[in-house]
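Protein chains in written order, with my numbering: chain U, 876 to 1107; chain V, 876 to 1107.
What the hints contain is simulated information worked out from the structure, not anything from laboratory work.
Fair warning: this is a prediction, and the values are worked out from it, not measured in the lab.
Take every hint as true, because none was put in to throw you off.
Since copy identity is lost for identical chains, a pair holds within one copy or between any two.
Capping the alpha-carbon separation at 16 Å, the derived lysine to aspartate or glutamate pairs in EDC-like fashion look like this:
#1 Lys-924 to Asp-892
#2 Lys-1105 to Glu-1018
#3 Lys-944 to Glu-1018
#4 Lys-942 to Glu-1018
#5 Lys-1049 to Glu-1018
#6 Lys-1033 to Asp-1053
#7 Lys-932 to Asp-906
#8 Lys-932 to Asp-904
#9 Lys-1049 to Asp-1093
Protein chains: 2
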Amino acid sequence: MEYGKLYAIGVGPGNSDFITIKAVKILSDIDIVFYPESNGKSTALNIVKEYINTNAKIIGLNFPMIKDKQKLNIEWKKSSLEIINYIKRGANCAFITLGDVSFYSTYSYIKDIIAENGYKTEIIPGITSFSACASYAGISLAEHNENVVIIPYLHNIKDIKFYLHNFESIILMKVYKDFNYLKDIILENNLIEYCTMFSNIGMENESIFKGKEILNIDKPQYFTTLIIRKTR
Amino acid sequence: MEYGKLYAIGVGPGNSDFITIKAVKILSDIDIVFYPESNGKSTALNIVKEYINTNAKIIGLNFPMIKDKQKLNIEWKKSSLEIINYIKRGANCAFITLGDVSFYSTYSYIKDIIAENGYKTEIIPGITSFSACASYAGISLAEHNENVVIIPYLHNIKDIKFYLHNFESIILMKVYKDFNYLKDIILENNLIEYCTMFSNIGMENESIFKGKEILNIDKPQYFTTLIIRKTR
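So that you can see chain U by itself, here it is in the shape it has in the complex (with noise of 0.2 Å):
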């Protein structure tokens, strides 16, 4: 039996009008959806419900939030062998992911081991949280010739003066943690009035806060990006 194909699709940020008509296609027509579920929940679902094929059956990967990494790879590669045993039996296989494929997502845990063994593999690009973002404030993130930096801030906090000085367009995913001091040098740098902070874009709760608004704030939510564009 001819194998089956796995394909990584990005869902967009939140909104399930931001997909793309290339996933749905795949979404329309496909065997079996996986899903990253951690706390029993997935926003990634809830966005492609609506366009996964009736019979297609859904099943939840768990890919919990914990920081053990012999623990963590421990749950990916009996992630990535559960997709294995269905493409196997010949079955088209998605996995989704919030956003887009390329950054931060879920998928680059496992596709080392499926796409290493050989299976076939297509992956779909989503829309990404920092485009959406500049989109739902109207601002643009770069043009003519800027420069723009994407940072996951809870893992750079110590650099952070070197891209606030650096870059015309500074784009700081997951600031939930030490953003009293992030606030600080922001101040220092005299740049309040060019950020704007996003908190779960596209989903029911959203919420954006504009230059000094953002120090009212003093524990943003999981889901939070901060964009500082020195040029508006």
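Start from chain U and add chain V according to the hints.
Relative to chain U, chain V alone:
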């Protein structure tokens, strides 16, 4: 009469399947579609043609590829006024642009004139060319704590060493000028094996060059992006 609204729509990088459901819904019910035109051609229009409401009027706007800033400003202002003319008569208008609206799009030239005059606008994000490139090559652009930089090479040639040293993932747009210099810098820094270069991605004549294959190219085409990902 109530004024119309302007939708700035990112149509993705070339393939008409990479447009969003949201964009398709808007185009299927739009009055006027404006597209940026240079030399009588429009890749953006080719992508969306099949989705536009058959009663809609389709109008090309002249975005000449010239460097004279003053002449360009005159053209952009003319285009903006043409759009405003229709908005004032109650027409809902779409302005389509390749890729995503937030990154280096032609919309940035006219949005200020339209928005400053208080007309209603809405931006619909699109798939960026770099997300599409990464998906075609089956690579990711960033994982976990990695930083990413997006640089229009053409305008940042003198700082290129700085970017290559300080970032894990480097996206160079518009590499068609001084490409031999770029190749030298890449070789000096032993980065050639981490390079993937994409020309005309999503279009009929698309091509991908990996690692040392890049060294055979002397003058890349206009729509060429080079991605250097140090961790693969």
